[in-house]
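Chains as they are written, first to last, in this note's numbering: chain P, 1 to 164; chain W, 1 to 164; chain H, 1 to 164; chain A, 1 to 164.
If you are wondering where the hints come from, they were derived from the structure by calculation, not from laboratory data.
Backbone N, C-alpha and C define an ideal beta-carbon position, used for all residues, glycine too.
Among the hints, erroneous ones may be present.
[Said to hold, decoys possible] For each label pair, taking beta carbons as the anchor points, the in silico distance ranges come out as:
1. T5/P / G83/H: 26 to 36 Å
2. L146/A / R95/W: 29 to 39 Å
3. A164/P / K136/A: 46 to 56 Å
4. T65/A / A24/H: 16 to 26 Å
5. H80/W / P53/P: 35 to 45 Å
[Stated by the list, open to error] Among the chain A residues that face chain H by a calculated CB cut under 10 Å, a handful are:
6. L27
7. S29
8. R33
9. A86
10. Y90
Now for the letters of each chain:
There are 4 protein chains.
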Amino acid sequence: MTEPTNPPAAPDWTVSRWFNTDGAPSLESLRGRVVFLHAFQMLCPACVQHAVPQSLKVAAAFASTDLAVVGLHTVFEHHHAMGPEALQVYLHENRIAYPVGVDAYRDDDPTRAPLPLTMQAYAMRGTPTLLLIDRKGRLRQQHFGLLDDLRLGAGIATLLAEPA
Amino acid sequence: MTEPTNPPAAPDWTVSRWFNTDGAPSLESLRGRVVFLHAFQMLCPACVQHAVPQSLKVAAAFASTDLAVVGLHTVFEHHHAMGPEALQVYLHENRIAYPVGVDAYRDDDPTRAPLPLTMQAYAMRGTPTLLLIDRKGRLRQQHFGLLDDLRLGAGIATLLAEPA
Amino acid sequence: MTEPTNPPAAPDWTVSRWFNTDGAPSLESLRGRVVFLHAFQMLCPACVQHAVPQSLKVAAAFASTDLAVVGLHTVFEHHHAMGPEALQVYLHENRIAYPVGVDAYRDDDPTRAPLPLTMQAYAMRGTPTLLLIDRKGRLRQQHFGLLDDLRLGAGIATLLAEPA
Amino acid sequence: MTEPTNPPAAPDWTVSRWFNTDGAPSLESLRGRVVFLHAFQMLCPACVQHAVPQSLKVAAAFASTDLAVVGLHTVFEHHHAMGPEALQVYLHENRIAYPVGVDAYRDDDPTRAPLPLTMQAYAMRGTPTLLLIDRKGRLRQQHFGLLDDLRLGAGIATLLAEPA
Numbered sequence: 001m002t003e004p005t006n007p008p009a010a011p012d013w014t015v016s017r018w019f020n021t022d023g024a025p026s027l028e029s030l031r032g033r034v035v036f037l038h039a040f041q042m043l044c045p046a047c048v049q050h051a052v053p054q055s056l057k058v059a060a061a062f063a064s065t066d067l068a069v070v071g072l073h074t075v076f077e078h079h080h081a082m083g084p085e086a087l088q089v090y091l092h093e094n095r096i097a098y099p100v101g102v103d104a105y106r107d108d109d110p111t112r113a114p115l116p117l118t119m120q121a122y123a124m125r126g127t128p129t130l131l132l133i134d135r136k137g138r139l140r141q142q143h144f145g146l147l148d149d150l151r152l153g154a155g156i157a158t159l160l161a162e163p164a
Numbered sequence: 001m002t003e004p005t006n007p008p009a010a011p012d013w014t015v016s017r018w019f020n021t022d023g024a025p026s027l028e029s030l031r032g033r034v035v036f037l038h039a040f041q042m043l044c045p046a047c048v049q050h051a052v053p054q055s056l057k058v059a060a061a062f063a064s065t066d067l068a069v070v071g072l073h074t075v076f077e078h079h080h081a082m083g084p085e086a087l088q089v090y091l092h093e094n095r096i097a098y099p100v101g102v103d104a105y106r107d108d109d110p111t112r113a114p115l116p117l118t119m120q121a122y123a124m125r126g127t128p129t130l131l132l133i134d135r136k137g138r139l140r141q142q143h144f145g146l147l148d149d150l151r152l153g154a155g156i157a158t159l160l161a162e163p164a
Numbered sequence: 001m002t003e004p005t006n007p008p009a010a011p012d013w014t015v016s017r018w019f020n021t022d023g024a025p026s027l028e029s030l031r032g033r034v035v036f037l038h039a040f041q042m043l044c045p046a047c048v049q050h051a052v053p054q055s056l057k058v059a060a061a062f063a064s065t066d067l068a069v070v071g072l073h074t075v076f077e078h079h080h081a082m083g084p085e086a087l088q089v090y091l092h093e094n095r096i097a098y099p100v101g102v103d104a105y106r107d108d109d110p111t112r113a114p115l116p117l118t119m120q121a122y123a124m125r126g127t128p129t130l131l132l133i134d135r136k137g138r139l140r141q142q143h144f145g146l147l148d149d150l151r152l153g154a155g156i157a158t159l160l161a162e163p164a
Numbered sequence: 001m002t003e004p005t006n007p008p009a010a011p012d013w014t015v016s017r018w019f020n021t022d023g024a025p026s027l028e029s030l031r032g033r034v035v036f037l038h039a040f041q042m043l044c045p046a047c048v049q050h051a052v053p054q055s056l057k058v059a060a061a062f063a064s065t066d067l068a069v070v071g072l073h074t075v076f077e078h079h080h081a082m083g084p085e086a087l088q089v090y091l092h093e094n095r096i097a098y099p100v101g102v103d104a105y106r107d108d109d110p111t112r113a114p115l116p117l118t119m120q121a122y123a124m125r126g127t128p129t130l131l132l133i134d135r136k137g138r139l140r141q142q143h144f145g146l147l148d149d150l151r152l153g154a155g156i157a158t159l160l161a162e163p164a
C-alpha cells in the first residue's frame, strides 16, 4: 500500500435506490469519516463467496469506530436477475444491515450504457471492487478482486488514524 | 454413516424445468448408477458459499466414474427472486454443467403449498440438503446442512463400490 | 484414481521403535484390513500444517470401520532435532493416538544412508507421503504431497468396500 | 481494541540466545518503532498451524513499513525436545528470517522455575501469545490464543500511524 502524494477526490456515487437506510448517504454527508465501499453483484461468485462475507466481517470488526461501511450493487450484466427486489432478498438472507445502494443508469439513455454511472465514474474494471475513502473525501485505495484480511484491516486502520 | 438394514426406495422427483440437459433425468433413467443430488436455493448463503462449490468439486473428483450429479432448485421462499431465469444466470456464472431441475409445485394448487413437491416427498427440512441414492434406487443418505469433504467422498465411494 | 490391473504387494516396513502400541504392527498382522499409512517428519511444515491434521480427521471419520491408521516418522534430515524423544512430545501435544513407528536405518551402516529403510523400500520422494494398502496387502495408492479430503475419503472408502 | 488511557511500559525481555540477527534486539534499541512480538513454542500445535504462519504473513504484508517483527521461543514444557538446536531447524524449515530469541531461565535457579523470565514479566498465560508495543515502548495489546487477520492488521496499522 503506497500512498499517492496527492490523492484525488473520490467521485460522487449515483444511486437509484437505497436499502437499509432512510436517507441517502453521500460522500458529502459522510465527510469526516472513513468510508469502506464494496461494489458487488449478487450473482458474482467471487463477491458472494468472499467479498461480501469479508465486508460483513469488516462491519463487525470496526463497529466501535466511526468507519462507514457502504455496499454498492453495480449490476452490469444479467439485469433481469439482479433487480432491486432480488437484491432485497439477498440482503435479508445474508443479514446485511449497513446501507446498500443500487448503482444507477441514466434515465434517458435508450441504449442502456454498458456500465452504470458510479462504475464509470470510478473506472471500475468489474466486481468485486473495494474502495477506501479518507476523512477528507479522497480516494486512497481501489482494488479489483480479492484482498486479504491482513492488508484490508491495515488499510482501514491507517485511514482511521488520520485526523479529519 | 450407518447403513440401514433395509433402505427405502428413493421417491421420484418432480421437476417443472431442467437446465443443462436435453432430456429429463429420472430415478428410473439413472437406475444402475449412484446419484448424488444436492438440493439448494440460489440465494441461500450456506448453499452458495459451501454446498454448491462442494458439489462442483464432487463432479470434478468423480468425473471418471459413473456417478450422476444432479442439482435440484428447491425454492420455498422468495419465489420472485429465484425464478428460472435468475437460476439460469446463477448456473452460468458458477459454471455448473451438470443437470439441474426446478422442484415443482402443483399446477392446480391455488394456495401454493409451503414446500415444493420433491421437498415434500423427501421430507427435507431446508437447504442445503444432500442425498445419496444407490445403484438400486434406494435412498442411502440424506443430510440437511453441511457435510465435510472427507465423509462425503467416503459416502459416495462406498456406494460406487456396490454392484448394480 | 486409476487402479492398476495388477497392484504390487506393499513392501514391509522397518521400524526401530513404536509409539502408541504395545506390539509391533506389521503388514502381516494387518492383513485383511485396509491400511492408511502417512509418512511424515515432525518439523516438515506441510506435514505439520496439513497432512497430520488430515490424518487425525481420517482416524476420526473412519473410527467405526476396520481401517488401520499408521504413522511413520521418516526422518531423513536434521536427525538431531527429530529423535524419538522429540517425536514422543509431538505425538502427545497433537493428541495422536494411533500407532506411529520410526522408520529405521541399518545399524551397521557407518555412513548413514541418505534415506531410512522404509522410505527406500517404497521409493518415497519426501514428506508428506500417503499410502493406501488394500485388504490383500497390495499397495494401491502412493501420493507425495497433499491430497484433498474428497479424494482421500473416496480412496479409503473404495478399498474398505472390497472383500478381504 | 480498546486503548487504555495510560498504557504501561512494556517490560524488557530476557533472551539467552538470538537467531537470525547478529545483535541482540532490545526494547531500547527498537524504541521509535512498533514491535509485533509473537511468543510461541515450536511443538505447540496452535502456534505451528496458525500463529507462526500468520506472523510470516505479517512480516510480508508490513515489509515496506518500519514494523519490527520479533519471535520469542517461550519454552515452558518438554524442554529436551525444544532446545536451541531443534529451534534452529524449525526456523530454517519454516523460512523464518526475522529475529527470534529464546526466552531465558535464571542461571542460578537450581529448581528451574515453571516459566521463563519474559513469560513471567508479561504474565503470559501460555502460547501462542501476541504482543503489540508502540513507538514509545508501551504495551498496547497482549493476546493469548489466536487473533483474526482483520483485527491484527488493524491493530498493527493503528500503532504504525502514531507519531514516534
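Now the hints, each set against the structure:
1. Roughly 57 Å separates the CB atoms of T5/P and G83/H, a value that falls outside the hinted 26 to 36 Å.
2. One distance hint, 29 to 39 Å for the beta-carbon pair L146/A and R95/W, holds here, with the actual separation near 34 Å.
3. At roughly 24 Å, the beta carbons of A164/P and K136/A sit outside the given window of 46 to 56 Å.
4. Between T65/A and A24/H the beta carbons are some 55 Å apart, a value that contradicts the proposed interval 16 to 26 Å.
5. For the hinted restraint 35 to 45 Å between H80/W and P53/P, the CB-CB distance of approximately 25 Å leaves it violated.
6. Hint on L27/A is violated. Least Cβ distance to chain H is approximately 30 Å, over the 10 Å limit.
7. The criterion of a C-beta within 10 Å of any C-beta in chain H is not met by S29/A, whose closest approach is roughly 30 Å, and the hint is violated.
8. With its C-beta approaching chain H no nearer than about 28 Å, R33/A sits outside the 10 Å limit, and its interface hint is violated.
9. Restraint check, A86/A versus chain H: the minimum CB separation of about 4 Å is within 10 Å; hint holds.
10. For Y90/A, the interface hint holds, since its Cβ comes within 10 Å of a Cβ in chain H; the closest pair sits about 6 Å apart.
Of the numbered hints listed earlier, those contradicted by the structure are 1, 3, 4, 5, 6, 7 and 8.
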